[in-house]
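Engineer: The residues making up each chain are set out below.
There are 2 protein chains.
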Amino acid sequence: MSYKKLNQNDLNHLINIVGAAQVTTGDQISHDLSHDELGTVFSFPEVHIFVQDKYQISSIMKYAYQENIPVTVRGSGTGLVGACVPLFGGILMDTSQMNKIIELDKTNMVLRVEPGVLLLDIYEHVEKENLFYAPDPGEKTATIGGNISTNAGGMRAVKYGVTRDWVRGLEVVLPDGEIVKFGGKVVKNSTGYGLKDLIIGSEGTLGIIVEATLKLIPKPKMAISLLVPFKNREDAIDAAPRLMIDHVIPTAVEFFEKQSLDYSEEFLGKKIPHNDFNAYLLVTYDGNNEQSIQEDVEIASKLFIDSYHAIDVYLVDTEERRSSVWTVRGGFLEAIKSSSSEIDECDVVLPRSHIAQFLAYTRKISEDLGIRIPYFGHVGDGNLHIYFCKDDLTNEEWKEKVSHGFNLMYEKAHSFGGLVSGEHGIGYAKKEYMKQMLGEKQIKIMQGIKATFDPKNILNPGKVI
Amino acid sequence: MSYKKLNQNDLNHLINIVGAAQVTTGDQISHDLSHDELGTVFSFPEVHIFVQDKYQISSIMKYAYQENIPVTVRGSGTGLVGACVPLFGGILMDTSQMNKIIELDKTNMVLRVEPGVLLLDIYEHVEKENLFYAPDPGEKTATIGGNISTNAGGMRAVKYGVTRDWVRGLEVVLPDGEIVKFGGKVVKNSTGYGLKDLIIGSEGTLGIIVEATLKLIPKPKMAISLLVPFKNREDAIDAAPRLMIDHVIPTAVEFFEKQSLDYSEEFLGKKIPHNDFNAYLLVTYDGNNEQSIQEDVEIASKLFIDSYHAIDVYLVDTEERRSSVWTVRGGFLEAIKSSSSEIDECDVVLPRSHIAQFLAYTRKISEDLGIRIPYFGHVGDGNLHIYFCKDDLTNEEWKEKVSHGFNLMYEKAHSFGGLVSGEHGIGYAKKEYMKQMLGEKQIKIMQGIKATFDPKNILNPGKVI
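Protein chains in written order, with our numbering: chain H, 482 to 946; chain U, 482 to 946.
No wet-lab data here; the hints were simulated from the structure.
Keep in mind it's a predicted model, so treat the numbers as computed, not measured.
Among the hints, a few may not be true.
Since the list gives no way to pick one copy over another, a pair counts as held whenever it fits inside one copy or between any two copies.
Claimed, not checked - In silico BS3-like links for lysine-lysine, alpha-carbon gap of 27 Å or less: (1) K783 - K702; (2) K640 - K912; (3) K640 - K609; (4) K871 - K609; (5) K581 - K739; (6) K587 - K712; (7) K662 - K937; (8) K937 - K922; (9) K922 - K662.
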């Protein structure tokens, strides 16, 4: 791919669109903007631009399209697969200042937001009105634009689904600058191909999200979490799908072992109660009726203890317990990251039935390759986060082991009916693995779709496909 | 578009694939196979083939692709926009004998089915296991393949969403015969572009669904319906979104007026209790906790009576009442159809907030054009079914009035943030209206996607775009 390098003329044109204060070039561009949260892919843009509205974005895209300049969109930069890294330089279009909540429409139960609104701001805005946006990805400082672009999942997916299920409409600037609307405030839609659903999860490669209409529901009146330690991990993992079979479907079921817990407690300098067991489930039930939740909790608790040798079932029922348990759970990724010189992540998703087998295989890979591989997982929905740690390996050894290990793991996942990414996306880092898993034909279809939206391949080139 | 006309060689080849007993040609092809349920578009195939499995489908598509023969897939033929009508002749591929339920996987809470399984058979199969497939389109003898192809909605969309929300994975034969899998038994998926969601709602134009993996949940333990007559229609319509605002979200909210009720009662020779009022809501609440449902019902009932002048709230609580009310409700379309020499349907979807205004506009159109336009609607989700009746108009007058009226109605819908189709699709009948509403750019993108999947345009040509 050969793109135009920006000259002073181009910069002047861009400054004309957004104003000089919004534009940074060359050495002025912060190193932070050359990578995302995981930091395994690095590349600087030629120019960084804070955009303010869809008209600026449209004007920039018209110009970039005409001049053949690559454009990469960035929100909070909390991604883990390099999707917001401007591999070919060009323009880094930063939407983080487009952070207005446009409308809370209670009649149609939707929230209209700009793409740069943070997830935590959405929660705050709607929950004070007793409404609920259910998707619950771990990183609350991610932008909603980023969440939609990766079809982010999160912990409450067991009961409430993923970001895709909560997006009713999108307004999008296409690579040539045209502004289009897909879906809207409507609940149903059978009007032609599902273009909204194509934008969701496309990681900024097909169009730029400039507004999203999100579905809301009434906020559940109460939620209860249970911290359940188990003697051994297999019991914990096997207990999760039994909740489904026994029809006490939880809001979330998180699995972790002592190792991740220790890392996080040490990293945060904060301890949870009952922290000296081998394996845990952290289970949440929510709803509007206390009696109904209590019934579910009782059935689940009895099941854990009678059938899966749980050591106890601890209610996470005080503000102090809630804060410590969820803070420590929320710290896993950061803690594992800080425990090693470098990490790489496998965000595999599997049918729930195959989690125990897959984690056993993961431990075997760890032993065979002589590499530390901590993990934790959303076992309620089959999505695992598995971290290869570089520790004191040389760069060469590291690359070789990661590549070899990931190939084995994705192959195994495929044989179980799993997929490369459950919620973090493909970006740059997982392209090859996706290609191997899905096969030539699906990649060719994706390339055809990309060419349809972006014939000059100027929007986030080098990502996904 | 110019396609090969089938000769004896082609027929022999097809007979070799599926066996002579599965193949019908020429005058042997029933007139029923030349149209769908609405019957506004007619065209015969050159050959009708009952297929038995994905390998037969793949072989047929390889041959059709090589020989440039158009292929149209048909399930039960219950569509309302001509999507299964073989406009260019060729092969009519009938999947109605592929009606096996492949697997009920309770651990992963999914059902794997062939495309020809009927909706009513899915309900029966899973509900006896105390499981629930929530989408509830009116036509229970539709195939699941057809439901997925139109992203069918139905009455329970208010609470449970539409077919799209219940499809976890699809196996698809592409126009060149290759068999691919999109998604699977997994709950989350961020692995590349959403190809599964592109197949959903594509009305058989991008690929042939040969297997679907459907999400299930535990069957709600109870459901209560309320029949609520109102003095005037505006009150009934306005009451529906208030349920959302007041956080007593129902499973379904159906709206109808005396006219539709009369047609259906006469057509079925069956009466509902309390049938002499102007306008009705038929509201359902379901869940697992009786107390919780009772609370919602009380709040809703009080709201209907105190704020919207409901005449009464009748519990539909005996088997006899349930049967009569839902049978009569289910008979609206058939009854309206049988009341006129020909009808055409507007399946518009709107933000809930704009239903009353839109129906007022519809009545104005009816008056202005001098044409009978009965309607009813899923007012809980903003999807209306509005029927233009030909009665004793000449063909010419009819065509002119339908075209003029539909244009006005879709224009108005667009101005309210609505879309052409809520759940019945575009097919052949609504192509021009979609084009006008979405604009050139979106149609061009859809055409690009179509060309990517089907470069020779042999799969259901002339539909959607």
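Engineer: Quick check: which numbered hints come out false for this structure?
Structural biologist: 2, 4 and 5
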